[in-house]
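Heads up: the protein sequence lines correspond to chains A and B, in order. For the first sequence, position 45 matches number 45 in the working numbering, and the numbering has no gaps at all. Converting from the second sequence to the working numbering requires adding 1000 to each position, the first position being numbered 1.
Hint data in this document are derived by calculation from the structure and do not stem from the laboratory. The C-beta atom is built at its ideal place from N, Cα and C for all residues, glycine as well. It cannot be assumed that every hint is accurate.
[Said to hold, decoys possible] The calculated PhoX-like cross-link candidates involving lysine-lysine, where the alpha carbons are at most 20 Å apart (straight line), are:
1. Lys1234/B <-> Lys93/A
2. Lys1004/B <-> Lys46/A
3. Lys6/A <-> Lys1223/B
4. Lys93/A <-> Lys1154/B
5. Lys1031/B <-> Lys46/A
[To be verified] Among chain A residues calculated to face chain B with C-beta under 8 Å, some are:
6. Arg49
7. Ile90
8. Leu112
[Stated by the list, open to error] Some but not every residue of chain B turned toward chain A, in silico, with C-beta under 8 Å:
9. Leu1014
10. Ile1015
11. Glu1029
12. Lys1031
13. Phe1035
14. Met1206
15. Gly1211
16. Arg1226
17. Gly1228
18. Gly1253
19. Pro1334
20. Leu1336
21. Leu1337
22. Leu1340
23. Val1342
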Amino acid sequence: MTRGDKFLLAGLLLIALLSVAVLYGRLSFFPAKTESVQAVITAQGKLVRKIELVEGVKSSFVIRGLGGPSTVETDGARIRMLEAPCSGQICVKEGWIGHPGQTIVCIPGEILIRIEGTAAVDAVTR
Amino acid sequence: MNRKNALLFVAILLIGGLATLQYLRRSYEYKSNQFLMDTLVTITVHGKDETQLKQAVTEAYTEMHRIADLADGFPQPGTAAYNSSDVCRINQQAGKQPVRVDRDTIEMLLLAKKYNRLSDGAFDVTIGPVMELWGFGGKNPHVPPADKLREALKLVDSGNLEVNETEQTAFLRKTGMKLDLGAMAKGYATEKALQVIKKHGIQKAMIDAGGNIRVLGSNLQGKPWRIGIKDPRKSDGIVAVLPLENSSAVTSGDYYRYFEAGGKRYHHILDPRTGYPATNSMSVTAVTRDAGLADILSTVFFVLSPGNALDLARTMAGVELFLVSADGHIRHTPPLLSRLEVKPGESYRYDQGR
């Protein structure tokens, strides 16, 4: 084996090892992106809005559910159903949510607000 | 081929092989939502074969729909939904004659009777007439007059629910009696759906039926699923994190379906012995393998006093209990101590191991 061969062999082994490390250890090798939290809103199963929940930003908008328009409000990293046309008002009473994995569900309107992001939990029992 | 080329060839083979291996090992996550049983059901499955995952989830939803239809107490008489509901048909024939029902309805009613006895009446599926008076589930819930409530309570008695396994029939002995499977059907359906997923050879799955959680295996990272327990008073908070594998966690709380009258809050989990909402706890989480049982037990433990609930849980193998009592005390069964991460915050008191 010549000197060049040895270098080549060493280089190739390094590439192979790196590839293994990257393929198997993806998560620890490249740290997850900085925490971003977004609210995903679906109505009747269709995605209607994705909104980044950013500190210091407030907004409100209307979502059309089966029972009519519902008003959603965001305030920094939190989101809530402000007004809904249903009689139960379960979604409104739910209040603010802001942790990944949390949901607000409007059954009559078939509206779902779900917080997504680097979740500390996989689901919430409630 | 000279040596250099041979080395290059080996290295390419090595890298290619590893990449292929990784490709074969890769896992899909398939997640799907459906509005079902008056709530949102989310099924998450992990596995290698995407088509198989989708098929399994579709069949799991079909199974849940089937149980939901059997147990639905709300459809109007004369509709197809009414005729396919065992609960409606049993209620209609109350005081008249036994009704032939599905195997799963028999299964649910036998479970209901068993836990009615075990809880000394703290759990009772014949609560229908009382539920109806309060109007939960309808547009206008209200506090019923005391005399009407007393009358309705006389009809609440699981002893008068006859279940005949051999004939596969169910019968409410008194006219006016009414079944309400609201405290157990969702859990039962969740468990049946999970068994469907399991039958497809899937090893990692989670069903979240409006906060009733059933998990199979571990999560995608190969660790136990991390289940937050909702803070009963702060909507965006959790009071504890529970690692869960091959098990179920179901919570009953006073914060979910409620209305306010005269400055008082009335929620929908009624104590069958008094006819009024149970007030011993803010929230109760039952942890056990079977989601159907967890659903029943979350109601049982919610209605009982925290002390009695913890005592009863200790006598049951494979059952754990976490609760926030009405006075803001966090308590749980001892074996949970090593598993739970409790976050009492400033609102609750927590003395470990009590």
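A quick look at each hint next to the structure:
1. The hinted pair formed by Lys1234/B and Lys93/A meets the criterion: a straight-line CA distance of about 11 Å does not exceed 20 Å.
2. For the suggested pair Lys1004/B and Lys46/A, the alpha carbons sit about 57 Å apart, so the restraint of at most 20 Å is broken.
3. A threshold of 20 Å between alpha carbons decides the hint, and for Lys6/A with Lys1223/B the separation of about 42 Å lies outside it, so the pair is violated.
4. Taken as a hint, the Lys93/A and Lys1154/B pair is broken in the structure, with Cα atoms around 33 Å apart against an allowance of 20 Å.
5. Taking the CA atoms of Lys1031/B and Lys46/A, the gap is near 14 Å; set against the 20 Å cutoff, the hint holds.
6. For Arg49/A, the interface hint is violated, the least distance from its beta-carbon to any beta-carbon of chain B being 16 Å, above 8 Å.
7. With a least beta-carbon distance of about 7 Å to chain B, the hint placing Ile90/A at the interface is held under the 8 Å criterion.
8. Hint status for Leu112/A relative to chain B: holds, with the closest Cβ pair at about 6 Å, below 8 Å.
9. Checking Leu1014/B against chain A by beta carbon gives a least distance of about 5 Å; that is within 8 Å, so the hint holds.
10. With 8 Å as the threshold, the beta carbon of Ile1015/B comes within range of chain A, its nearest partner Cβ sitting at about 5 Å, so the hint holds.
11. The beta carbon of Glu1029/B is not positioned within 8 Å of any beta carbon in chain A (closest approach about 11 Å), and the interface hint is therefore violated.
12. Interface hint status for Lys1031/B: violated, as the beta-carbon distance to the closest one in chain A is roughly 11 Å, over 8 Å.
13. Because the beta carbon of Phe1035/B sits about 5 Å from the nearest beta carbon in chain A, less than 8 Å, this interface hint is met.
14. The restraint placing Met1206/B at the interface with chain A holds, with a minimum CB-CB distance near 6 Å, inside the 8 Å limit.
15. Because the beta carbon of Gly1211/B sits about 4 Å from the nearest beta carbon in chain A, less than 8 Å, this interface hint is met.
16. Taking 8 Å as the C-beta contact cut-off toward chain A, the hint placing Arg1226/B at the interface holds, the least distance being around 4 Å.
17. Taking 8 Å as the C-beta contact cut-off toward chain A, the hint placing Gly1228/B at the interface holds, the least distance being around 4 Å.
18. Using the Cβ-Cβ criterion of 8 Å, the hint placing Gly1253/B at the interface with chain A is satisfied: the shortest such distance is roughly 6 Å.
19. The interface hint given for Pro1334/B is broken, as the beta carbon of that residue sits about 20 Å from the closest beta carbon of chain A, more than 8 Å.
20. The restraint placing Leu1336/B at the interface with chain A is violated, with a minimum CB-CB distance near 14 Å, outside the 8 Å limit.
21. At its closest, the beta carbon of Leu1337/B sits 19 Å from a beta carbon of chain A; the interface hint therefore is violated under the 8 Å criterion.
22. Contact between Leu1340/B and chain A, as hinted, is not supported at the beta carbon level, the nearest pair being about 13 Å apart and thus beyond 8 Å.
23. The beta carbon of Val1342/B comes no nearer than 14 Å to any beta carbon in chain A, farther than 8 Å, and the hint placing it at the interface is violated.
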